[in-house]
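**Student:** Sequence:
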Amino acid sequence: MADFASFNPIARRRLVDRVLSRREPVVLVEAAPGMGKSLLLMQIAERLGTAVHARETAPEPGDGAAPVLWDIPPGSEPEALPEPFVAGARRVVVAKRPHTRLRGLSRAAAYGHAFSLDPAELLFDGDEIAAAFGSSAKSVMEASGGWPLLVARFAGSSPDEGVMRRFLQEELLEPLNSAQLVDLRALLAGCAIRADGDDLVPLVRRDGEGNIHFVAESVRAPIAEAVEQLLADRTAIPAEAKAIAETHAARGEMTEAIAAYQNAGFHDLALRTFAAAHGRFFIYLYGPAALDRVLAGFPTSFAMQSETIIMGLAVQSLKRGDVSLARRLLADRFGDAANDPGEVFSPKSVFSREFRSFRLVMLIYEDVFFTDELLQNIFAMLAEYPADAHFLRGSFYNSVLEFYLRSRRFAEAEDLAQRAHFHYERAGAPLLSFYISLHQAIMRMMMGDALSARAYAADAKRSLDKVGFDSPNDKRLLVLLNACIDYEGGKAEPLARFLSVELEGFTHGEIWPSLIEFALLYGSQALSEHFSTIAALGFLERWRVFQIRNRQFRNAIELREAAILQNANRWQEAAEKLATIPSVIGKAWVLGAGAELARLHERDDIALALLWLRHHVNEMPTRPELAVQLGAMRQNLHLTERQRIGLDIWAAYVAKRNRDLGSARAILQKTFESAARLGAMAPLAEERDFLGELLATQRIAEFLDTSGPSRQVLRRLRDGLVSVGALGRAGNLSRRETKVLLMAAEGAANKFIANTLGLSEATVKFHLGNVYRKLGCKSRREAIGAARAMGLVT
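Residue numbers (our numbering): 1 to 794.
A portion of the hints provided could be inaccurate.
[Said to hold, decoys possible] SDA-like mimics (lysine to any residue), calculated; alpha carbons at most 25 Å apart, straight line:
{"hint": "1", "residue 1": "K670", "residue 2": "N636"}
{"hint": "2", "residue 1": "K670", "residue 2": "I606"}
{"hint": "3", "residue 1": "K348", "residue 2": "G335"}
{"hint": "4", "residue 1": "K587", "residue 2": "R688"}
{"hint": "5", "residue 1": "K348", "residue 2": "S306"}
{"hint": "6", "residue 1": "K461", "residue 2": "I516"}
{"hint": "7", "residue 1": "K319", "residue 2": "A189"}
{"hint": "8", "residue 1": "K319", "residue 2": "N339"}
{"hint": "9", "residue 1": "K778", "residue 2": "R715"}
{"hint": "10", "residue 1": "K751", "residue 2": "C777"}
{"hint": "11", "residue 1": "K670", "residue 2": "A595"}
{"hint": "12", "residue 1": "K751", "residue 2": "A595"}
{"hint": "13", "residue 1": "K577", "residue 2": "K348"}
{"hint": "14", "residue 1": "K670", "residue 2": "T706"}
{"hint": "15", "residue 1": "K751", "residue 2": "H616"}
{"hint": "16", "residue 1": "K348", "residue 2": "G321"}
{"hint": "17", "residue 1": "K242", "residue 2": "E209"}
{"hint": "18", "residue 1": "K466", "residue 2": "G489"}
{"hint": "19", "residue 1": "K138", "residue 2": "R107"}
{"hint": "20", "residue 1": "K466", "residue 2": "E502"}
{"hint": "21", "residue 1": "K138", "residue 2": "G112"}
{"hint": "22", "residue 1": "K138", "residue 2": "P9"}
{"hint": "23", "residue 1": "K242", "residue 2": "R328"}
{"hint": "24", "residue 1": "K475", "residue 2": "A277"}
[Claimed, not checked] Just the calculated beta-carbon pair ranges, DEER-fashion:
{"hint": "25", "residue 1": "R736", "residue 2": "G785", "range": "16 to 22 Å"}
{"hint": "26", "residue 1": "P74", "residue 2": "R22", "range": "22 to 28 Å"}
{"hint": "27", "residue 1": "G210", "residue 2": "R462", "range": "47 to 53 Å"}
{"hint": "28", "residue 1": "D268", "residue 2": "A389", "range": "20 to 26 Å"}
{"hint": "29", "residue 1": "R716", "residue 2": "E625", "range": "31 to 37 Å"}
{"hint": "30", "residue 1": "S583", "residue 2": "R462", "range": "37 to 43 Å"}
{"hint": "31", "residue 1": "F422", "residue 2": "A598", "range": "31 to 37 Å"}
{"hint": "32", "residue 1": "K765", "residue 2": "E576", "range": "21 to 27 Å"}
{"hint": "33", "residue 1": "P74", "residue 2": "G49", "range": "34 to 40 Å"}
{"hint": "34", "residue 1": "S407", "residue 2": "R677", "range": "21 to 27 Å"}
{"hint": "35", "residue 1": "F422", "residue 2": "L637", "range": "26 to 32 Å"}
{"hint": "36", "residue 1": "K765", "residue 2": "F370", "range": "52 to 58 Å"}
{"hint": "37", "residue 1": "P74", "residue 2": "G509", "range": "42 to 48 Å"}
{"hint": "38", "residue 1": "P709", "residue 2": "G210", "range": "57 to 63 Å"}
Keep in mind the hints are simulated off the structure, nothing from the lab. The beta carbon of each residue, even a glycine, is placed where N, CA and C say it ideally should be.
Produce the entire structure from the sequences given, and follow the hints as far as they go.
**Tutor:** Given below as structure tokens:
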């Protein structure tokens, strides 16, 4: 029984009236320690002029003039409730703790002779606290929650934290079962609980809407410490560990449930719970930290026997960007055939449906070419998934979406994205929905439609905001996406900041081909334009080291390196880089190509052909067949809108160099209007050298000024465009002299320059002589130094 002798007890008149007004013969006051049960009975006794029976022996029924007051001592085994009280012939008010068993009480309740006072009614309300504490009432209420024991502390009786912790653990918490302790821990952590809350009074209070809140703030720390200690102790007891795990599972706290089973050595139950929490999809529902904790709890020998755990470990590796480790895990468990798509997806495959579904997802990260046969076998898997298997169906569409995205089959990719999004929404997996919106935004950026990409980026953010755990790498992906969209609109600062601050974490996280293509494109362009060519090449080299074993990544990096070198007017170096890429699409093939250009469909083949065409546009813009080749390439249905914009600028440049200003300005106006409609400035900025010369032509610039959208694009471009031709004119060099100087600066010999430009060696020497004279140089070395000083080369 609580001792409140150190302060003047608060009168509970309203509560005394309520107890005495009950018509039931038996009134039960059942509550936790420190709730003021004894004080209430004392105040009732004072009102009635009687005494309190405070022993475990049953009180005498008396003459019935006044109710008998029985305060059962804690920890005792009281005698049975006397029959006169049970039968309703006499009245009694009983005070006891919840776990004290009083025989006869249930029978009285069954007869309708008993009333149980709600424990929450024993808590002091605001009016009672205000009357006792005056101006400090609010702080007292917030710290105590109205718990009489804590209210007494504020009146001067204030034991130290150690004393309170021992009291709370021994008197209040130890009698609680493990499920109640789990609920209390959740409540302390700020989570909602589904318990009725009565067993946790006085630590909690139910509001007007029925929600339960922790209210004993002044003892939050000792209670939290005591709860953790009790749960840790009980985990060592198998039955209690199982009860703790089941309570966590019922609350949806699957990580804690699995950990509880693992700590108790129940690995089979832990695995069953992991599988029930969707196994390899666990990371998307509970986060990478939770998956790491769960997988670390399984012994290696046990994990190697489980398909579910091995797939979980492989997902963990993929999310960390380590595809090779994921492949090794599968080979160690299932054999080398697990890494052979032909074997895995064969109609006669020996692998389970779940494994084949996972292996399809893993293809996103790998260097795998989808043949028609492989694609047919993959689509045959769809019939194995029930209509409501939302995770499996969503991951299927997500995986095939990546293939169509690589192949530039955007219509099919969009259809698959919508299907995947539907299933992920039904599965309640906002992080997976985020990835689909991210894919859709990247697809729009590839298509050159930055305005639509921004809408999908907003969808991605809404999905990510719903995720209930921290996911730093996914936040970085969203930051990168928004920075690239801003870059398309002419705002470079967000992307520059990302490359400076977030790049380290990004390169060591989860990555897949369409995402790395996106990052390589915008990252290298921003660095080359706003920092230096060296910075851009260093950025690409960093990715080469990290993804050295993947052919798709290697090709993407080498193609971007060649484009960056071209942008820096290092054309010969770029050509040498392109020549090292193993492909039939070489310089000679493109020179002789015609209608074949329109039939190219592989992403890398198209990119390679475009870079060779760009090389020819710079090197030989007046070659008669070039305009026809550009037109044939433009008919290719697999081009992105961004590629089409670049191709149109080259076509306008070729038309201008062939003195067809009418065609040049018409093509350019159409291109500018398209860029304005799509909000795509980055493709224009990448063609700054060609555009600089085009816009330096007065008749073209004046024509573009007549169109509102074109004029809008012009305003954004004019400040940032300085063409090689303009730099050459600043040094009083002709176009041919500028080109000869550029090639000399790249280390080209006179014979190579002559063959490339279709000149004789004597003519090359003549142009170099003019360059030396105009720049005031005496040697080739001095002329190259002057070219660098003028910004012609970097």
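**Student:** So, for every hint listed, does it hold in this structure?
**Tutor:** Hint-by-hint comparison with the structure:
1. K670 - N636: holds, 18 Å
2. K670 - I606: This hinted pair holds, its Cα atoms lying about 23 Å apart.
3. K348 - G335: Since the Cα atoms of K348 and G335 sit roughly 16 Å apart, the hinted pair holds (cutoff 25 Å).
4. K587 - R688: Cα-Cα ~23 Å, so holds.
5. K348 - S306: Cα-Cα ~22 Å, so holds.
6. K461 - I516: holds, 20 Å
7. K319 - A189: violated, 28 Å
8. K319 - N339: holds, 18 Å
9. K778 - R715: Given that 25 Å is the threshold and the Cα spacing comes to 41 Å, the pair is violated.
10. K751 - C777: holds, 21 Å
11. K670 - A595: Holds, at about 24 Å.
12. K751 - A595: It is violated: about 33 Å lies between the C-alpha atoms, which goes past 25 Å.
13. K577 - K348: Violated. K577 to K348 sits at ~44 Å, over the 25 Å cutoff.
14. K670 - T706: holds, 12 Å
15. K751 - H616: holds, 18 Å
16. K348 - G321: Measuring from Cα to Cα gives roughly 31 Å; hence the hint is violated.
17. K242 - E209: Distance of about 33 Å is beyond 25 Å: violated.
18. K466 - G489: violated, 28 Å
19. K138 - R107: Judged against 25 Å, a Cα distance of about 43 Å means the pair is violated.
20. K466 - E502: Measuring from Cα to Cα gives roughly 23 Å; hence the hint holds.
21. K138 - G112: violated, 40 Å
22. K138 - P9: This hinted pair holds, its Cα atoms lying about 19 Å apart.
23. K242 - R328: violated, 35 Å
24. K475 - A277: holds, 24 Å
25. R736 - G785: 16 to 22 Å: holds, 21 Å
26. P74 - R22: 22 to 28 Å: holds, 24 Å
27. G210 - R462: 47 to 53 Å: violated, 30 Å
28. D268 - A389: 20 to 26 Å: This hint holds: roughly 25 Å between Cβ atoms.
29. R716 - E625: 31 to 37 Å: With Cβ atoms ~34 Å apart, the hint holds.
30. S583 - R462: 37 to 43 Å: Given about 42 Å between the Cβ atoms, the range holds.
31. F422 - A598: 31 to 37 Å: holds, 35 Å
32. K765 - E576: 21 to 27 Å: holds, 24 Å
33. P74 - G49: 34 to 40 Å: Distance hint for P74, G49 is violated at roughly 27 Å.
34. S407 - R677: 21 to 27 Å: Taking Cβ atoms as reference, S407 and R677 lie about 25 Å apart, which means the hint holds.
35. F422 - L637: 26 to 32 Å: Roughly 28 Å apart at Cβ, these two residues keep to the hinted range, so it holds.
36. K765 - F370: 52 to 58 Å: holds, 54 Å
37. P74 - G509: 42 to 48 Å: violated, 57 Å
38. P709 - G210: 57 to 63 Å: holds, 59 Å
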